[in-house]
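Protein chains: 2
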Amino acid sequence: MVTIRDVAERANVSLGTVSRVLNGHPAVRPVAREAVGRAIAELGYVPNPAAQSLRRMKSHALGLVIPDLLSPMTVTLTRAVEDVAGRAGYTVFVADSRLDEGLEASHIARLLERRVDGLLVSPVQPIAAVERCVSKMGRVPTVLVQLRKPVREFPTAFVDEQPAVYECAEHLVSLGHRRVAVLHSGSRAGGGRFRRDLIRGALAERGITGGGDLDRSFAETGECYAAAMAALNGPERATAILVGVHKFVPPVLRAIRDANLRIPDDVSVVSFGDSDWAESISPPLNVVVVDQAAHAEGAMALLLKAISGEPLRERHFRSESIYVRRGSVGPAGGCVND
Amino acid sequence: MVTIRDVAERANVSLGTVSRVLNGHPAVRPVAREAVGRAIAELGYVPNPAAQSLRRMKSHALGLVIPDLLSPMTVTLTRAVEDVAGRAGYTVFVADSRLDEGLEASHIARLLERRVDGLLVSPVQPIAAVERCVSKMGRVPTVLVQLRKPVREFPTAFVDEQPAVYECAEHLVSLGHRRVAVLHSGSRAGGGRFRRDLIRGALAERGITGGGDLDRSFAETGECYAAAMAALNGPERATAILVGVHKFVPPVLRAIRDANLRIPDDVSVVSFGDSDWAESISPPLNVVVVDQAAHAEGAMALLLKAISGEPLRERHFRSESIYVRRGSVGPAGGCVND
DNA sequence: CTGTTAGCGCATTCAT
DNA sequence: ATGAATGCGCTAACAG
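These protein sequences, in sequence, are chains Y and R. One point on numbering: in our numbering, the residue at position 80 of the first sequence is 83, and numbering is uninterrupted. One point on numbering: in our numbering, the residue at position 163 of the second sequence is 166, and numbering is uninterrupted.
Treat the hints with caution; some may be incorrect.
What the hints assert, rightly or not - Footprint (simulated), chain R over chain Y, 3 or more residues, beta carbon under 8 Å:
(1) 94–104
(2) 189–202
(3) 256–262
(4) 289–302
Said to hold, decoys possible - Below, in silico cross-link-like pairs of lysine to aspartate or glutamate (DMTMM-like), each with a Cα-Cα straight-line distance of 20 Å or less:
(5) R:K139 <-> R:D163
(6) Y:K61 <-> Y:D120
(7) R:K139 <-> Y:D9
(8) Y:K139 <-> R:D9
(9) R:K61 <-> R:D279
(10) R:K61 <-> Y:E116
(11) Y:K308 <-> Y:D120
(12) Y:K61 <-> R:D200
(13) R:K139 <-> Y:E116
(14) Y:K139 <-> R:D120
To be verified - Only part of the chain Y face toward chain R is listed, based on derived beta-carbon distances under 10 Å:
(15) M4
(16) N26
(17) R58
(18) L73
(19) T79
(20) G141
(21) E226
(22) K250
(23) F251
(24) S285
Calculated from the structure, these hints are not laboratory results. Owing to the predicted nature of the structure, the values given are computational and were not obtained by experimental measurement. Cβ coordinates follow ideal geometry from the N, Cα and C atoms, glycine included.
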């Protein structure tokens, strides 16, 4: 292993000088700087990050805790975070909680032990629980992402879905839909009850009462399939289904297929979140989406500022989602029960 | 920050003793061991990984370089790797090359600079290029994964697709398919030409010559759509399409839709790789898949052994893929050109 | 069995 | 502008 010391000898300078050029310290004679540069190149010297971390008391690593790597939106977010972090000289540990609160907690603990300089969490647990995890070892700078609204305890990047949801509700109502099912996540990730309430509110303002049997939460694929089936059967079946978590669209499609129904003739479908699949199947799905890259950049800006110790002028970063019309929403006419 | 020294004082033992209990050294009096344990708990001591790394000259981190996080198979692999690695006391840096050779190279370089103890690479670059990257800084233990066949330069985990491909070919031929299009990745990841040749071989043994216009490679969504369109048009259009990369199934579906064709009446489809979507759309897709978790475990076993310095008795780990029949393959009768 | 000691590679302070 | 010296937190070798 070639160390800073080897470089120093090769360049006929002291160890301190090498360190200085490495860290861009101005007070170094150009001649020396150049000699060091040459020595580094010739020896193929690479700084030892463990030694740097130990000395600087900084790991130059960040932690990103996301709810589910199988969600394409999450992947987009992850990539954007890595890009921004990389440009700022950080590497990032990605931890996938798989929608499991306990796993999320243990991931946060592990990242804290690894002494990450900052944490980005898209929480599955209640905020208070996240707070407890993060505080366990003296509160590292932390930003919560993918929330639906800002919270008091942390700086956050949140997505305001109200405009998109209102537009979507308007669209459905104008096409005659009266019985709209809302299938939402049982976990906090993906909006959960908050998102359901937002949708219900938008619908209610347009005279659609609902909820009750039509609203169902679920935690995994099988439950989601059952929930969709339930909404699709019975005397007063739904004419439209809003799926609150993109990865659970497939079981909903399966339920519709198994119920011998067709999109959008018999039932309309809107997904929260998007993917190539949603855009490519027949018919392509209407979706409510947010620009995850912009979201990630906003969050990273907050985090980097927090790490640098600057007080945050704006504690929260707001994005807005949009409603994209494709081919999965049609008139409610197909339903004979109306 | 509470250090080993604080623990030592609190437990009235020396620094060395604390270190010993921490590392499970046997020669420690039970009384001392217990006192140290108590002190650790009371102080909430957590070892500093940077200091450990520096001293041990081991980072206890692994690097996993994968071609595309948007592929569900890759995510499954990633999760399995993290599980096994975690149990062995390693954390893993996941780097997504996004099917880009240059990005893969720079990721490998970054991981090497981070001084990972081992590397798992699902290569997009030619093997020789990977070899060059990895050798740049004195060859860290490296295992190549998701290959189609073992290579000389590295220990590998590979997937033998021959049995599944032969079964699939048999299925298609028995249903009267004569014009089969093979859409494969232009990059090495996902099989590329190797997979195409395997398929062509299987088909040829059953008397189906082909290739030529019917075989097309692509690097991104738009190209794949065009390739599918081309196969679907013309006087002698394909009656079956094999899609070599799962994430590129959506554009193929779009092309089929845009060509006003139906699956499986007009055209049969088989995908390499699987997902909830493939299983849930109408009709559900036939697929060729491999158990990624088992694959990952095999690869990790090789890597951990290599890291420990043991000579590898078996340098390669073999998995076998299977052909899953669902609803996307039917008789070739729908094609009037036959 | 346990205390003491010597670095691991580097950034930084203090002289010069 | 630069060399020398110090110590970050920890492990391992050595001497008791």
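Each hint tested on the structure:
1. Requiring three or more residues with a Cβ within less than 8 Å of a Cβ of chain R, the coverage given for the stretch 94–104 of chain Y holds, as 5 such residues are present.
2. Here the stretch 189–202 of chain Y counts 0 residues with a CB under 8 Å from a CB of chain R, which misses the bar of 3, and the coverage is violated.
3. Requiring three or more residues with a Cβ within less than 8 Å of a Cβ of chain R, the coverage given for the stretch 256–262 of chain Y holds, as 3 such residues are present.
4. Counting residues of the stretch 289–302 of chain Y whose beta carbon lies closer than 8 Å to any beta carbon of chain R gives 0, which falls below the threshold of three, so the coverage claim is violated.
5. In summary, the hint linking K139 of chain R to D163 of chain R is not supported, as the alpha carbons are separated by about 31 Å, beyond the 20 Å threshold.
6. Note on K61 of chain Y and D120 of chain Y: the hinted pairing holds, with a Cα-Cα distance of about 6 Å set against a maximum of 20 Å.
7. Taking the CA atoms of K139 of chain R and D9 of chain Y, the gap is near 18 Å; set against the 20 Å cutoff, the hint holds.
8. Our distance criterion of 20 Å between C-alpha atoms is met by K139 of chain Y and D9 of chain R, whose separation comes to about 18 Å.
9. Simply put, K61 of chain R and D279 of chain R have alpha-carbon atoms about 39 Å apart, too far for the 20 Å limit, and the pair is violated.
10. A threshold of 20 Å between alpha carbons decides the hint, and for K61 of chain R with E116 of chain Y the separation of about 16 Å falls inside it, so the pair holds.
11. Taken as a hint, the K308 of chain Y and D120 of chain Y pair is honoured in the structure, with Cα atoms around 12 Å apart against an allowance of 20 Å.
12. Of the pairs offered as hints, the one joining K61 of chain Y and D200 of chain R is violated, with about 51 Å between alpha carbons and a cut-off of 20 Å exceeded.
13. Proposed proximity of K139 of chain R and E116 of chain Y is contradicted: the alpha carbons are some 31 Å apart, above 20 Å.
14. Between the alpha carbons of K139 of chain Y and D120 of chain R the distance comes to roughly 29 Å, so the proposed pair goes past 20 Å and is violated.
15. Because the beta carbon of M4 of chain Y sits about 8 Å from the nearest beta carbon in chain R, less than 10 Å, this interface hint is met.
16. The restraint placing N26 of chain Y at the interface with chain R is violated, with a minimum CB-CB distance near 16 Å, outside the 10 Å limit.
17. Among the interface hints, the one on R58 of chain Y holds; its C-beta lies about 9 Å from the nearest C-beta in chain R, closer than the 10 Å criterion.
18. Using the Cβ-Cβ criterion of 10 Å, the hint placing L73 of chain Y at the interface with chain R is satisfied: the shortest such distance is roughly 6 Å.
19. Restraint check, T79 of chain Y versus chain R: the minimum CB separation of about 9 Å is within 10 Å; hint holds.
20. The beta carbon of G141 of chain Y comes within 8 Å of a beta carbon in chain R, closer than 10 Å, and the hint placing it at the interface holds.
21. For E226 of chain Y, the interface hint is violated, since its Cβ never comes within 10 Å of a Cβ in chain R; the closest pair sits about 14 Å apart.
22. Because the closest C-beta pair between K250 of chain Y and chain R is about 7 Å apart, less than 10 Å, the hint holds.
23. Nearest Cβ of chain R to the Cβ of F251 of chain Y: about 9 Å, under the 10 Å cut. The hint holds.
24. Because the beta carbon of S285 of chain Y sits about 5 Å from the nearest beta carbon in chain R, less than 10 Å, this interface hint is met.
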